[in-house]
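**Q** In case you want the letters, here they are:
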Amino acid sequence: MIIQTPDPVLEVHDLTVSYARKPVLWGIDFTLPAGSITGIVGPNGAGKSTLLKAIMGLIPLSSGYVKLFGEPLDTVRNRISYVPQRESVDWDFPVSVLDVVLMGRYGKMGLLGNPGRHDRDMALHCLEKVGMSAFAKRQISQLSGGQQQRVFLARALAQEADFYFMDEPFAGVDAATEQAIIDLLKDMAAAHKTIVVVHHDLQSARTYFDWIVLLNMRLVAAGPTEQVFTEVLVQQAYGGRLNLLSQVGDLMEKREFPAREN
Amino acid sequence: MENFLTFFSFSDPNVRYVVLGTILLSASAAMVGSFILLQKKALVGDAVAHSVLPGICAAFLFSGTKSIPLMLLGAFTTGWLALVAIDYLTAHSKIKKDAAIGLVLSVFFGTGIVMMTYIQQSGNAAQSGLDHFIFGKAAALVGSDLLVFSILAMVILITVSLFFKTFALIAFDRAFAQALGYPVRRLDLLLTSLTVLAVVTGITAVGVVLMAAMLITPPAAARYWTDNIRRMVLIAVLFGTFAGLAGAYISYVAPAMPTGPWMVVVSSLIAFFSFFFAPRRGIVPKLYRQRKNQRVIAEENAMKVFYHLGEQGGNFTGQHNLQALMGQRDMGAANLRAALHRLQAKGWVTVQHGQWSLTDDGVGKAAKVVRLHRLWELYLTQYMAIAADHVHDDAETIEHILTPELERELEHQLGYPDKDPHDTEIPKG
Numbered sequence: 001m002i003i004q005t006p007d008p009v010l011e012v013h014d015l016t017v018s019y020a021r022k023p024v025l026w027g028i029d030f031t032l033p034a035g036s037i038t039g040i041v042g043p044n045g046a047g048k049s050t051l052l053k054a055i056m057g058l059i060p061l062s063s064g065y066v067k068l069f070g071e072p073l074d075t076v077r078n079r080i081s082y083v084p085q086r087e088s089v090d091w092d093f094p095v096s097v098l099d100v101v102l103m104g105r106y107g108k109m110g111l112l113g114n115p116g117r118h119d120r121d122m123a124l125h126c127l128e129k130v131g132m133s134a135f136a137k138r139q140i141s142q143l144s145g146g147q148q149q150r151v152f153l154a155r156a157l158a159q160e161a162d163f164y165f166m167d168e169p170f171a172g173v174d175a176a177t178e179q180a181i182i183d184l185l186k187d188m189a190a191a192h193k194t195i196v197v198v199h200h201d202l203q204s205a206r207t208y209f210d211w212i213v214l215l216n217m218r219l220v221a222a223g224p225t226e227q228v229f230t231e232v233l234v235q236q237a238y239g240g241r242l243n244l245l246s247q248v249g250d251l252m253e254k255r256e257f258p259a260r261e262n
Numbered sequence: 001m002e003n004f005l006t007f008f009s010f011s012d013p014n015v016r017y018v019v020l021g022t023i024l025l026s027a028s029a030a031m032v033g034s035f036i037l038l039q040k041k042a043l044v045g046d047a048v049a050h051s052v053l054p055g056i057c058a059a060f061l062f063s064g065t066k067s068i069p070l071m072l073l074g075a076f077t078t079g080w081l082a083l084v085a086i087d088y089l090t091a092h093s094k095i096k097k098d099a100a101i102g103l104v105l106s107v108f109f110g111t112g113i114v115m116m117t118y119i120q121q122s123g124n125a126a127q128s129g130l131d132h133f134i135f136g137k138a139a140a141l142v143g144s145d146l147l148v149f150s151i152l153a154m155v156i157l158i159t160v161s162l163f164f165k166t167f168a169l170i171a172f173d174r175a176f177a178q179a180l181g182y183p184v185r186r187l188d189l190l191l192t193s194l195t196v197l198a199v200v201t202g203i204t205a206v207g208v209v210l211m212a213a214m215l216i217t218p219p220a221a222a223r224y225w226t227d228n229i230r231r232m233v234l235i236a237v238l239f240g241t242f243a244g245l246a247g248a249y250i251s252y253v254a255p256a257m258p259t260g261p262w263m264v265v266v267s268s269l270i271a272f273f274s275f276f277f278a279p280r281r282g283i284v285p286k287l288y289r290q291r292k293n294q295r296v297i298a299e300e301n302a303m304k305v306f307y308h309l310g311e312q313g314g315n316f317t318g319q320h321n322l323q324a325l326m327g328q329r330d331m332g333a334a335n336l337r338a339a340l341h342r343l344q345a346k347g348w349v350t351v352q353h354g355q356w357s358l359t360d361d362g363v364g365k366a367a368k369v370v371r372l373h374r375l376w377e378l379y380l381t382q383y384m385a386i387a388a389d390h391v392h393d394d395a396e397t398i399e400h401i402l403t404p405e406l407e408r409e410l411e412h413q414l415g416y417p418d419k420d421p422h423d424t425e426i427p428k429g
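Protein chains in written order, with our numbering: chain A, 1 to 262; chain B, 1 to 429.
Extracted from the complex, chain B is given alone in its bound form:
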């Protein structure tokens, strides 16, 4: 708790640096990542992230110091080379895109690891901390380096905002953008450069291995919450920022913890949560809607049982025990009992000494379901030429979903009928 307060009071200048740095890098990565995701190039982002490692090592070997600007230059160069290699392999060889990405990623990353191992065993004292570039260490974000990263992040944020409309158009309808005369190839180049830049921005804090996750996971999670691209990018930026902050905090509290993996864990948790609980697309709300449908079906079927018994006995509010109800329609005793209790709560059925009956309101509701059933049967026989003895099962489902508007339309098309195809009466609405 004490750590928490120290961290979030931002009184320690190091904490301020780290927080500012991670926020800027997560936000810019999420913003670029949104368009990478929408252009279906997520794997390319991963390949680029891994491919910057040999560049970093080469810069170190060249200069013998951990000069951040030089390393950024190296990272940018090899990241770029990787992209060119993927494009070239895809266009000029039998190798398909997925294989080309896998190939380039492993060749570049492998080379990077070999170089890093060589540096670590070379005995150069300046090399200590170089391994942070693999899994990231937010605490390494200090002073003048932070300035470089912040400028890069700002460049990304501003450029993507300026080209927002254009990138969205290319992601949605490339041919149309081309036909408008947009320089699509150069804009592709711009977006891939921004991708490399976003990866480069994150190498100290997140590390090259997991930077792709900061590009892709926040936008993928954000997609679950909205169908509006502007809101999606905004939500992705918020998710990314939160994950970044959480990662920075954890590695501040436990200095042995690498920052990158924690950021990824947090953003993955956000993604999981979205996947399960997002209001419209999430799995849990979907299950809830299905369960609600099942309940409506059970309730309406139970009311129909009363109505059918009423038709036979001439008294719609007549009393029946569970056995009699089950005899009319076997919908499972537990299911029926649960439905009856829900209907009772709604005031559509009442019970006295184990004898159930419809209330006056209930009779109206039951008549409506029966009426929809019979109208639909009539529609099927008249308009779709289905035999009268084949329409019942279909109507059993449709009766539960017809809206009042559709009901009126159905009545109108059928000419306000009073008899269904089996010559039974259609109750009046």
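Next comes chain A alone, as it looks inside the complex:
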């Protein structure tokens, strides 16, 4: 079941993504409304993070296209923020918390520019919003998992974007941080920001998100939570046997077949 929205801020059209010729996402097609908090939900290996990376142009598409605010990504990049998975970076890197948050300002200053007074104030303000002001000067290796996630969130806030893509922001964080993050996301949505979150906990998904994308290599459902987050559809995403789909994928990898004929 796919419920489309009029005036979407995100349009994913017939998107297929392959790793080494093996399709991991098949024909994904959905739209999202402005000011929504969307959860991308599905079992392990469903391609949730891959979908986010494909939307952000971090991996090549085998087919389809993505439009943000009705435009291709490159023309609206400064309105988009991406929060990678916490584990994707080396937290022993020799930078301070403030340095990391300042990276959120880099998009506004070009390749050779350097952060100024205003950027610094902005970064400190964002650290305050996530309750990490006291840690500004700390080296990042001294942070706990929850604190690392807050720093990433502060960096995203410093981008002053309209659209936020977050990869597993609740993975491995303490309960207090989880609550602080969800409160912040709700404030942002109230200010008409659109937020997409990769999430793997079914229990909290219902209360956290007002829009759900159910994924398992293909799109199972997309739409308002109360309409698509049903037992039947969740069962389809989690329990449905997709053996055939992965077998065809394996075959394409083995025979070095293209995802599209031309």
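Keep in mind the hints are simulated off the structure, nothing from the lab. Keep in mind it's a predicted model, so treat the numbers as computed, not measured. Hints may be right or wrong, so weigh each one.
What the hints assert, rightly or not - Cut-off 30 Å, straight-line C-alpha distance, at most; resulting in silico cross-link-like pairs (BS3-like, lysine-lysine):
1. B/Lys286 <-> A/Lys53
2. A/Lys108 <-> B/Lys40
3. B/Lys96 <-> A/Lys254
4. B/Lys97 <-> A/Lys254
5. A/Lys53 <-> A/Lys67
6. A/Lys108 <-> B/Lys165
Starting from the known structure of chain A, fit chain B onto it as the hints suggest.
**A** Here is chain B on its own, set in the frame of chain A:
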């Protein structure tokens, strides 16, 4: 000593050339190397350094003279080819990255050595000194060649300074840089070109075999001294410069000595020193901190012995001989005696005719340790539902590290208790 003065007075123009050349090359190599290290591409640097040799030889075979600009061009070309080969092998074959690096390095370097041997046996008089490109000879840095190297080094220093922020971001969080719309692939290309350039800058003075060490060792040592990337690069540049100068000096004093290996030896010594003695990360300060912890534990345990004996006898400043103290808690006679002497120096215990006792200050200190022990036991039974007979060992450790803030927090959470789980009294703070 005379040599030392001649060298460091810089009155000899040759010395000036050599010193300027080595400083510029070591500094630029350390700067590029910092980012190679942070991007975890150290081995690639090594492969590039070895791969410039066939380019140098090819340039010589082509021109028949030791034309520095032409050799640089040749070196740059094969260094680049090596990088492309590594990337191609990794992306399009079953060969993994480490194997690809090893393969490319040995194939290119092997070819280079074959070419060099051929040149040396060809009887061409101009070839003499070509072998310096393998292990380096700072003295060969003269006049117009130096100008070329200096310009290259300046190009590297300026480019890296301009792109500092950008290279740091890519090293830390590549996906984020890509999402910002940074041309990450082209910036990778830029950094690898700078790497090749840094290697090329060092071929006369350091030689191709050891140039990788000048890229990687100074930043690796610098990482031990700071958690700030700007300071790290600065320290790496200083270390590199020092090693470069030392190498140049040694080969000036002993002309038979090759410069490159000496630079590497000196920068390795700096790295070893950092590894052992850097204040926070070094091994020796770590051991010192552990030893200090052991001493605190022994002292606090000794004071607890007095306190427990005091509780039994009703007199906290009572006198006890070593045997009585050992009877209460066997912590090893030597260990106990050493701890008592340290406590005496602090004024917390006194001794008269072999009889030890707590001073008034000492009673307070001892009570505090016992109090932390019992508070922690209570916390474990109340909040973590651990049985009263299982909490003692845990509290034995925790009592030594609880800070006054944690103590207050503990008291507050437990509601200012007076009895521990074994129903003994908790001394007041």
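**Q** All hints are to be evaluated individually against the structure, with a verdict given for each.
**A** We went through each hint and held it up to the structure:
no., hint, in the structure
1, B/Lys286 <-> A/Lys53, "42 Å, violated"
2, A/Lys108 <-> B/Lys40, "28 Å, holds"
3, B/Lys96 <-> A/Lys254, "19 Å, holds"
4, B/Lys97 <-> A/Lys254, "22 Å, holds"
5, A/Lys53 <-> A/Lys67, "14 Å, holds"
6, A/Lys108 <-> B/Lys165, "13 Å, holds"
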